[in-house]
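Asker: Chain by chain, the residues:
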Amino acid sequence: MEITYTLLFLPIIFCIPIFFGNAKIRYYSSLLLTLYISIISSIPAFDIFLNHTNTFTASIYSTEITIDGLSAFFILVTNFTMLTGMLFSNGYLEPYIKRKKPAVIALHYGSYILLHLSMLLVLVFRNGFAFLVAWELMAVASFLLILFEGEILKTLKTAVNYLIQMHIGFVFLLMAILIFSNSTGNMSFDSLADYFKYNENIGLFALFFIGFSVKAGVIPLHTWLPEAHPAAPSHVSGTMSGVMIKMGIYGIIRILSYIQYDLYNIGMFILIIAAVSGLLGVIMAIVQHDVKKLLAYHSIENIGIICIGIGLGTLGLGMNNPLVAMLGFSGALLHVLNHSLFKSLLFFSAGSVYKQYHTRSIDSFGGVIKKMPRTTFFFLIGAIAICGLPPLNGFISEMLIYIGLFKGLLGGTFDNSILMLFGIISLVLIGGLAIFCFTKVFGVVFLGNPRKVKDENVKEVSNSMLFPMLLISIFIVLIGLFPMLFIQPITNIVGGLFKISYDSSFLAITDTFSKVNIVSFVLIATTLLLFLLRSKILKKREVSYGPTWGCGSLNASAKQQYTGNSFANSFSEIASPILKIEKENIPIREEEIAPSMRRYSTHQVDVFGFLNFRIADFIMTLLKKLARLQTGKIQHYILYTFIFILIIFALMYLNLI
Amino acid sequence: MISFLLILLTALFFPGIISRTKSIASGRKGPSIFQPWKNIFVLLKKGSKFSDTTSIVFQITPVIYLTTIVCAMLLLPFEANRTITGSISIIGFDGDFILFAYLLALGRFFFIIAALDTGSSFEGMGANREALYSMLLEPAFFIIISSFALVSGNISMQSIFSCIEFANTYYYIIGIIIIYLFVQIAMIENSRLPVDDPKTHLELTMIHEVMLLDSCGFDLALIQIGTYLKFAIFGTIIANIIIPVNTPILLQFAIFFATQILFAAVIGFLESFRARKKMVKNPQFILSLSSIALVVFVLCLLLLNQMLK
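From first to last, the protein sequence lines are chains R and D.
Numbered continuously in our numbering, the first sequence closes out at residue 657.
Numbered continuously in our numbering, the second sequence closes out at residue 1309.
Just so you know, the hints here were simulated from the structure itself, not pulled from any lab data.
Even glycine gets a Cβ: it sits at the ideal position worked out from N, Cα and C.
Check the hints yourself; a few may be wrong.
[What the hints assert, rightly or not] Listed below are several chain D residues computed to face chain R (Cβ distance under 7 Å; list not exhaustive):
| no. | residue |
| --- | --- |
| 1 | Thr-1053 |
| 2 | Ala-1131 |
| 3 | Asn-1246 |
| 4 | Pro-1248 |
The shape of chain D in the complex, shown without the other chains (with noise of 0.2 Å):
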């Protein structure tokens, strides 16, 4: 229960720590963080505009998108203490990330098809590319989650972050590189720099932001709520891997917000002073990150056997 309130209450600041780092960057003095939300409240109060080329489809799938995404956080686990009944996930069980990332991949099904719907042809590129990265994205969280297992021994997301310790100093090396890994994959996931520029203002260079061309209002607040809820499971999930097992609650919570807020403002940082890539380079920086996955995954057993050794 903790992790999905938590989860939501990330949420609230994390857009906005993301957009002041960045106004900061470029020397200016920036809005309110609390200015993207406020933001949803304007469009949430406003009517509607749909193109005739759209269909049922395109009504109903950010609806799907908020609540496939909302049905995800509820596998979520806050680094489980066993001694406090709540902060284990809401509903955990063995292979409940396969869960996880198939409902991810459900939301985004129907916001491909969704921009296909439109019949616009800038939509059809957006649509075309976020399902490509995100099919050349899948197997790298899965390597990373096979070598969870492989570490911990168990397959339900609490049990993996409960039992995961960091206290070999060859495992901190791993620690580096996961993390290094699900930032990434949380950016690409996102719809962020490297691979997408939410700032580009030309639509042959958007992914994220053209399949939204023709939504507006109600379901244009929906989506943008998925978005901000998707970047806040990610950073819990990161938080998850950092926090050490057995640290007292406070500390918990202390690290979790810390993780969250430095992950947001990183994520600032990088987007302030990077260039995106080259569309055609992305298909390969997505695939590296698969294998580097995999040297994680092989240097793990290869840890397993020396230490059953």
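The following block holds chain R by itself, in its conformation from the complex (with noise of 0.2 Å):
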């Protein structure tokens, strides 16, 4: 298509202004180059949903580019979470175009295109080259998007630390892709059906799903992420955790679809880290002191949650179920696109707390919702989305999931049976310990007095960067009221991605969620009537205010409200076990009379942190011990040339070399 040539050139006209132009340009003509990016690819992928072409093939610079259903769907869901997260940019990064050089800005918003660029890039090639090469593209440009507040040194640090473990994750794709090929004489990934219909299947894809799942975060290749996220700027952290980390999930899915042997073993074992994933993500997430990066383990929950779904569909292919397989799979890949709605929703309306207190220490907060009305009723859809709550979109992605894992339970075996019930109980534990955490975040953040910050000039954000909250938002209510609109072509999707044939049976689905349906807007308009009578009813009596009820003293100090830490105290008592709490203080001692000034603090310490810069740390000590023989003594190193001449003569008069 020759097309394609001219309308890849026409980006770099756009280009330009980011670079030269003034801050208004600058950020109107990114905004103008996402939508064209977004519209070029989005064309492809609404034709494969409308007209149920089964791929779309063009061919950039000699290299092809395929577009089917799981491409086109995960490129829809890209352009929209980047074209929301763009949009909100403008007012997010207003405080830093005065602080910031030009060039900084230009080259963020340059690293954002780049990333969106890479990520369809992703989305669409099936050459093995041609997608590491888009991979690393995309590990840059996000490298480069986290490295925005570079200046602190913690934001550098992390930044690095993601690119060595995106690096890390790298080298375990390219031996996979170079074992296939080497096997098959061929990089597309189209061959790896044939490497797997006569090699062993596990190893290859356990390499495979060890590099796919760093990107994605999954427990304990997760480390990366609960530091990058925080250190990033708002509208990046929403898009990396919203798109970027389900590129992952792409990846997994797409080397499952050429699986040919061994699916019940692989579903077994991506259930067991899927949900080991989601608990320790959540409750890890419940004892944070930083609302991003409490966002941030929770996309590590949603992600388990996901690979719950997506082990329960390999299961369900393994079982030769096509009902749980399908269920599983569409479960997993609607969960996909909730995540990225509810989870850059939350992270766009954390960002705009952020940017208006200045804080982030979810303890200072409090009463946010009389300075922030508006930003706090997207914030509270986000987390009733996320905690999986009727009737909004969360539900519906769990409820396919629970129901798949239910059908599954019936079916099975003895084995099988425990296996599901796993998969319940685990799902159950992750919804429950989510609504602990945002009934804490929302309840500390959001409601009662503000406890240590001042808040007499906080105002509500601008409306451009209420729109893409609200455009969000729109799409959450709409998939919780109307999910047959969205699960039907996710089904086909799978359908054709798995060779999954309909059978009569997924006809109760239609029927669960039309049923759901009617019970969502029996809760809605009977929740409206019962309001508007309230209303009316309050109206006609007397109705006065006064301080809350605190047995009998009226002047309770805003300090003594509960605050997020005693609120998961409780929990992470139990929890303890699991979790690692440092606490920071000086003991009083016995001569000190008149004691000083304390501090006294805690933080949570990853589990899995050690694996951070262990490596680096090993090697660093060994090579200190090794720094011994460097003495700088001719004598020594003349010595060491003498017994290394030994050791050749000795090893060659042995024969071994």
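Quick one: dock chain against chain with the hints and give me the complex.
Answerer: Structure representation (structure tokens):
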């Protein structure tokens, strides 16, 4: 297709004003460019959805691009989130524009667009080599985005840590791709099916899985994630958590579609890893003090839920149970969409609060709802959605996975049922813990009275920041209220990808969701009616206001309120074997009659944090020991040479070399 | 439809029976069994006083709390006798118990944040306990439902309850354990002994009551109605488990009301002679229910395998 060439050159024209215009031109040209990329890539994606065409193929400089249902789905999710992120960035970066050099802002926007483009390329390339190039571009672009506030040492360290971990993942992918291309003589992913037909399935899949789950943030390969998200600006954390980590999920599903044997064992493996990941993610989220870090841990939890869906789907394939497979994969894919929506919404609204209050510490907030009611409303929508509560979208995808698990429970063997029950219990616990966590965040940050911050001058954020949040909320509600509109196309994708044929039992799902729909509408209608009735009745009655009841005391201090820490404390006591909470304080000595001022702080340390720099530390200590050889005396160095020659002689004498 | 009306009817006398039993057990004559509802009518006629700290969340919560419970009632069947079309739940489908549990969770979500909305440390404490205990309790409910699903081969509540038959002697044992578990779950869900004590006068030892400290008048009435309905919902589930399949419809009604009255009386008696557990021991107690439920699940699996052979 000749058009593709010209279309690809156009963005370069847009690029110039990003680097040379003033602040306004810079933003609008990047917005235009994002829009342009989104539209160009969405056209074939929509085409696949609407016309039920199977694939779209074209080529860029002799590299073939293929868009099938799965790619199309991820392309649409990516485009939407990147667009809303771009819209949000205008208001969010406002204070930075005065402080930062124009070049830094330009680089930021440039890498944002590069990230968008590289993610799309990851989704369309089927050639292993091209895929790796796009994968690498994605890592570099997101590295630059995290580095936005690189003048802070911690951010710099986090970004470098991120880059290193991405490359560890990259090595695994490279190995996997080299192995299969070496065997089949073809770099294309499509030859994977051939490879899996004649070779061991689990080994190569494990390589791919490790490579992709570093990106996706599956425990224990997640350690970059809770550091990188708070370090990056909010629109970047929103898009990174919303879509970039989903590229790992895309990769896992893509590879799974080629697997031929051992599906049951692979599914079991994924399900267990996923459940552990989801549970540990939310457990560690509860004890966080930083809003954005907490949200980052929730990304790990949600990746866990998505992977439970994937594991269930794979188990379904292994059990020859098409309904379970369909439900598992559809639930996973719908949760990918849902998570990209509510997580970006949460990051954006948390970012708005950070912009106005200049702090992210949960325990210093309070009463944000009075200053920023709209942002609070959006955060509440996101919180209800992420807890998987009806009538919003999170419930729909979790429901799909639940029904899949229950269906698998019925038709299976003994160990099968146990596995499904394991999935059910972990999903239930994840849901309950998420409610615990988000009642804490919402209650402490947005309700009550301000604890430490001064909020006299705080105002609601500008409409340009609220608009993208509104856009996302509309989709969240839409999926919650009209689920079949979204489930139907997703089942088509899954059916096409895994060659699952429909059967009549799937009709029961349609029935389920139409009934869920009715209950949702009844819930909303009765709530509104009753609320109106209540307001009407209260208007006639005497309504007065006074202080909160405090056991007879009228001037309770705002500091006496429950804090996030005290809310989490009851749970962290139970979960103490899993959590690592470090306390920092200097105990008062006995001879100190008048103790000086003390600070006491606790913070949670990631249980798997030791994976972060431990390898580097190990090498460093080894090298330090070796450095003793470096004495600086010439005689010693001659001695080393002499010993070396002797060893060579000895080896030659023994015929070893 | 019948189930919906039955729950409403049960909710009318349920709280009254509990308080009457308690007063008889403590040697008093006690109020009429409709006294709780008379109180509610008094509350409904009152004005309101709100805390300055509260926001719209506090105002909308009583409404959402009640409507989620009413919506959950829609999903609940009355022991389905297929010959009478009205006896099944109003809305039933595959996986309806998931929606049932999550609707109650939605109500709880708002209930918790409304308590935090007042900025009171007492209510924060209550909110925290409510969030923790309900989270720990959730797995027990789902494991029991899973074992039901396993035994009946169905995943909608009405087909589960219309298929479960404790014909086999082994199933009687399981049935007794399950009923014990459901009574305990109902007690915890409705903030009763041994986890929470509605009689206590010290804020530090309350859970449910302390979250209502700043609610009054119309709002308080809505929440109380919700609580009564919730009790009746759990009573109905227990009755559904007990009623054997294919009994004549009148006998079903008789068993239903006998179960509900007995359930209320048992709660009254237990509360009269039992003390609340130590707060720190509560998580252990609640988690132990999940492990008993797990035993039930494994027993069901074993029995099924045995029957297949």
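Asker: Enumerate the violated hints, using their earlier numbering and listing them in ascending order.
Answerer: 3 and 4
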